[in-house]
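Got chain X sorted already, so can you dock chain U onto it with the hints?
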Amino acid sequence: MAVIEVTDLTKRYAGQTVLNGISFSVEEGEIFGILGPNGTGKTTTVECVEGLRRPDGGTIRVLGLDPIKDGRELRELIGVQLQHTQLPENIKVWEALDLYASFYANPRDWRELLEQWGLADKRNARFGKLSGGQKQRLFIALALVGNPKVAFLDELTTGLDPQARRATWEVIKQVRASGVTVVLVSHFMDEVEELCDRVAVFDGGDIVALDTPAGLIDGVDAEHQMRFRLMTGDASLLSEVPGVTGVTTKGDQVVVTGRGDFATAVTAALARNHVMVADLRIDKRTLDDAFVALTGRSLHL
Amino acid sequence: MTKLTVVELKLLVREPGSMFTILLPLFILVIFGSSIPPGDTVLLPMTLAIAVGLVGLYLVPTTLATYRERGILRRLSTTPVRPRNLLIVQLLLQLVLAVTACALLLAVAGTILGAHLPTRVVPVVVAFALGTAAMFAIGLLIAAVAPNGRTANGVGVLLYFPMAFLAGLMQPADKMPVILARIGEYTPLGAFRQTLQDVWAGASPNPLLLGVMAAYAVIISVAAAKFFRWE
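So the sequences go chain by chain: X and U.
When we follow UniProt numbering, the leftmost residue of the first sequence carries the number 1, and every step to the right adds one.
When we follow UniProt numbering, the leftmost residue of the second sequence carries the number 1, and every step to the right adds one.
Errors might be hidden in some of the hints.
Facing chain U, according to a computed beta carbon distance under 8 Å, are these residues of chain X, among others [stated by the list, open to error]: (1) 70; (2) 72; (3) 84; (4) 87; (5) 95; (6) 104.
To be clear, the hints were calculated from the coordinates, so they are not data collected in a lab.
We put the beta carbon where it would ideally sit given N, CA and C, even for glycine.
In isolation and in its complexed conformation, chain X is listed as follows:
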């Protein structure tokens, strides 16, 4: 069942088209990624879906509700973590959770969230005294305190150290396991690859691709490389192997360039011809490569 259905959504600011008639749907219980560089309409899309902004065209249904017309009803059912929002400096962690829980008809027990998000020992700390990671975890907990059916998380792990990011990912997986549909806005490839069931790639106000992370990676016809050290025999036979586009040899170091699943064919050819190699490495294709292929530029410039 589709939890979110967006059809031909357009949005313009001051004559500038920000969203160019995009369509997508999010299924129940999945983590849906919205990926793209800043300024490509990701946040605008999510804000329209949340009912924070009024679309200029198209239709949006979230849990069967219109975010503008049925806003009141919808806000009981969604949880939101926004980019660039803060809390008052002097509010204590437990007060914020208790307060936000009071906004909803059927909230979760915020004490559980305090434990789950590792904030139990910060219960009485003031917001202004929290570290970046603690603030971020509090925002996520606040997004979940209303016991939402859909959670929107915008730039989830910005400002977190690598260890805290991994920990956050694990808890997000638990959130999905508990049946909450998650919409994740991100510009981190590794995060999207790790967490998302499906990803919409945004570029210039359009969705340029929508697939599973693996599907996006496989769909890319980009060249990649494998390298090894030659122990015996000759590597020149490899240029005949299907998918291989180039073989360069420098001393005993060999670099083979190719497309698709050429690496399997290369290793098979080496074994067949009794060529012994060592230190075999295959450059894994990543979502980064897929992104560059789709948009013609890298996210991390």
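The following block gives chain U in isolation, referenced to the frame of chain X:
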């Protein structure tokens, strides 16, 4: 709403600015109050106007603009609670703060300093209500147009000093040049101070001054509502 009010009240108490707006007028009252004649009708109205002016021009805009700047109003608009509720709660609490500051001034002046207190309550309440409404309206307008909390604070303070000067809060109005004192009566803070002073002296409030305050309250509130941005 109850929880929101309780939390906002706690935040207001934790905010050093609220203490400042209560203590500064009290400080002025005590310092000058010890050396003025018992029948004085000038000092207490002055300090009351200072207290209301500080809340309206300093606390109201700074708090509200900071809430918008920090995205708190926007975050609220994704919950079942409307951000409007937060503004209402804040304004009510700021009103409570202004009343508290004034009550404290009256209590200290009436007991320790043995100052003169007016016997008719209604004119005092009317003057207080109109004066507070006018000052809060200005505070709201600042909050509406200021891009962030710091600017709102700066504008509030910047407006406070000339207004307090014209209103006769820096020195008694009868020691000011006549022309400035006349202009001052058409400023909200000046009309407020003069009305209180009239009431303290036993006279009825001047309808013109009440009208001045009401006009400021209405016109500036409308402007604030028109210009207010939630994000």
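Going through the hints against the structure:
About 12 Å separates the beta-carbon of residue 70 of chain X from the nearest beta-carbon of chain U, more than 8 Å, and the hint is not met. With its C-beta approaching chain U no nearer than about 7 Å, residue 72 of chain X sits inside the 8 Å limit, and its interface hint holds. This hint holds: residue 84 of chain X has a C-beta 6 Å from the nearest C-beta of chain U, less than the 8 Å allowed. For residue 87 of chain X, the interface hint holds, since its Cβ comes within 8 Å of a Cβ in chain U; the closest pair sits about 7 Å apart.
Because the smallest distance between the Cβ of residue 95 of chain X and any Cβ of chain U comes to about 6 Å, under 8 Å, the interface hint for this residue holds. A hinted interface residue such as residue 104 of chain X counts as satisfied when its beta carbon comes closer than 8 Å to some beta carbon of chain U; here the least separation is about 6 Å, so the hint holds.
Checked against the numbered hints above, the structure violates only hint 1.
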